[in-house]
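Chemist: Given the coordinates of chain C, work out where chains E and U should sit on it, guided by the hints.
Residue numbers (the working numbering), protein chains in the order written: chain C, 1132 to 1287; chain E, 7 to 74; chain U, 169 to 642.
Since the hints were derived computationally from the structure, they do not count as laboratory data.
All clues given are correct.
A few chain C residues that don't get close to chain E, going by computed Cβ distances all over 10 Å:
1) Leu1164
2) Ala1196
3) Ala1200
4) Thr1223
5) Gly1226
6) Asn1229
7) Gly1269
8) Lys1270
With a Cα cut of at most 16 Å, we get these calculated EDC-like pairs of lysine to aspartate or glutamate:
9) C/Lys1245 with U/Asp389
10) C/Lys1235 with E/Glu29
11) U/Lys586 with U/Glu596
12) C/Lys1285 with C/Asp1256
13) U/Lys586 with E/Glu37
14) C/Lys1216 with E/Glu29
15) U/Lys291 with U/Glu371
16) C/Lys1245 with E/Glu29
17) C/Lys1285 with C/Glu1201
18) U/Lys586 with U/Glu530
19) C/Lys1170 with C/Asp1256
20) U/Lys586 with U/Glu527
21) E/Lys57 with U/Glu236
22) U/Lys338 with U/Glu236
23) U/Lys429 with U/Glu488
24) C/Lys1235 with C/Asp1213
25) U/Lys291 with U/Asp342
26) C/Lys1170 with C/Glu1201
27) U/Lys586 with U/Glu509
28) E/Lys57 with U/Asp579
29) E/Lys57 with U/Asp572
30) U/Lys491 with U/Asp517
Each residue gets a CB set at the ideal place from its N, CA and C atoms; glycine is no exception.
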Amino acid sequence: MLFGNRRHLQQMAISLLLVLGTFVHAHAATLDLTPYRGKVVYLDFWASWCTPCHLSFPWMNEIQASYGAEGLVILAVNLDRDRAKADAFLATDRGQLNILYDPKGDIARQFNFKDMPTAFLIGRDGKVHSVHSGFEIGKKNAYLADVVSLLHQKAP
Amino acid sequence: MVTALVAAAACTACTAIGPRPWEKDLMARPEMQLVPYPLQTAADEHVYFSKEASSGGRGFAGGGCGCN
Amino acid sequence: MQLKRRKAGRVGRAISAISATLLIATAASCENSAVAQDFYGLDKAGRDNFGPGIAYTEFDGALLIYQEAGGRVQAIEPTANLAIHGARGQQLTLGAVADAVSGATPNGAVPSDRTQTFVTPLKPQGSSTTVTSASGGSTVIQLPPTPGQVASASLGRQYTTAPNTLPMDKGFRDHRAALTAGWSQPLGWISEIGGGAGFSREEDYQSITANVRAAKNFNSDNTTISLDLNGEFDSSFPFGGVPTGLSAMNAQFKPITTRHKTQLGFVLGLTEVMTRNWLMALNYSYDSQKGYQTDPYRVISVVDPTSGEPTSTLYENRPEQRKTQSLFWDNKLAFGPTVTELSYRYFTDNWGISSHTVEASERINLAKSWYIEPNVRFYHQNAANFYRAFLVSNAALPAYASSDTRLSRFDAITYGAKIGFRVSGRSELYVRADYYTQSGDGHPANAIGQLRGQDLFAGTKAAIVQVGYQWKFH
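Only chain C is shown next, with the shape it has when bound in the complex:
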């Protein structure tokens, strides 16, 4: 029951953000998904101090390169308080990913997850279809299968 509620809340939060994105307080980090309507968004929350995040970056770069043309957009939301630490991490690992900065966790709080990193898979319909909690190298194929299946869904 709780699970269902949370999922519902998450979807509501995203819808809300889509509508109100531009009106949110200027200091709070915001997530505007409007430009990505009709695309598959892999929304990844990460930080420089999170060890599995170091594993997910090369993989995200790979799939961005392979599936970008099919409509995959990776948004990597950084949750470091200290921008310099994020930059140091990105100096070697950024690749072609879109980076968002959320030093106060404003966006993270909307999505309320339990592990670092956590990735939300948002389909062409703008809805969250699956959540990857944590990142394990051994599960890469399963993660990819989720992405690929969403890419094959038609936009509404």
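Modeler: For chains E and U alone, kept in the frame of chain C given last:
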């Protein structure tokens, strides 16, 4: 009684205590582990075990010796 | 970490088939590039990246040098630990310790204003028993013949203590080697389950230990509840045999050669991340020890009720049952470049001992790769109810008696500091030095005659130096 206390503490903790997952940058530092230098802790426990009447507590036995 | 799948909307069978093909193709190309790199996380940024979710190995080595003041015990202890971490939280640990201990140790007798003489069994050197010079300023003596005893067994070792000095046996020498192994991993809903075993061997002591552990994380991993069960089986085979408690100290070999002790216990733990800066742990421990817990080499003086002069020397005797409990509260606080640790332990047992321990340390990360960490520790304990600095000759013998200052009421303070240097992202070198002082009541109110002029507290002052190296690699 102690068990009950621990259980009670744990249950109140379940509700809301603690930082959110993205606020654990400090907890991720190696020196924030409870026992970051196991050999140092082991040496301390060994010395104090052999010189004092009390031992243990950390859940890290200091025993295993005659230690006169 | 787990993959939570949600309803993926309408996914046609055909699409699944296509994606499966794609997936295999992609997986194959990735896998070929660098399987090991993927597994260990050896990407550009991850080279020096160690922690949860990444497979790595950590080697720890340290050398401990322990030196007591007054030419007492000195010990050198090299230690090595290897911890192999798997990407899914598995952990294999292997440890080895060696120990070389030597020096003089208080034998338990009171000082006297006269020269005292003590006799103890003679340690045969090699195959020959005709030793002419024994270690530590003691001499070989001929024992009065006992009926039916072979001639070679009729030699003993004798040492003397000058007036007004603490009686010490200088022949103390021992070697120890210990091995430990442990395994833990997550299993289903249990966050951590594991076990371990250890074996330790000295020249006169052996210890076999085993433990199992389970832990469960809650509350976004902010809360951990754990249970450890520990078992220990010890054998004591003192040189010269096991003396009868409260019998007169002598140089004869005793017929009983080995006594055992078993120990069973548990630790119930709660770890809680209180805030972003504050980590707290609370442990309750219980231990039950049964069997031989007497120090076979330690004696207690029986003194004259008026002069306080020792009239005889008896082997000590301790109860065979001991139940201990402790509550340990640990706090770690991270603010800026510092990490503060503050802990308190309350300990109590059925021997009448209770103790309080407070420890504090402050790690300060300095520029670049250095850190310093001063520390202080305060300890106070009450005496065991069978602790006696001495016995009096006109009083009835108690069932148990020990003059071991470690069972007396005393305070101890440790001051120390540590300096660490991060050699690279993978390795660290540290040196620490501590000075430990015990202080107790050397002039108890019940001191008799000449004992009033003696210091009856034989506490320890010791310097502890440890050099350690930590090396992490993939």
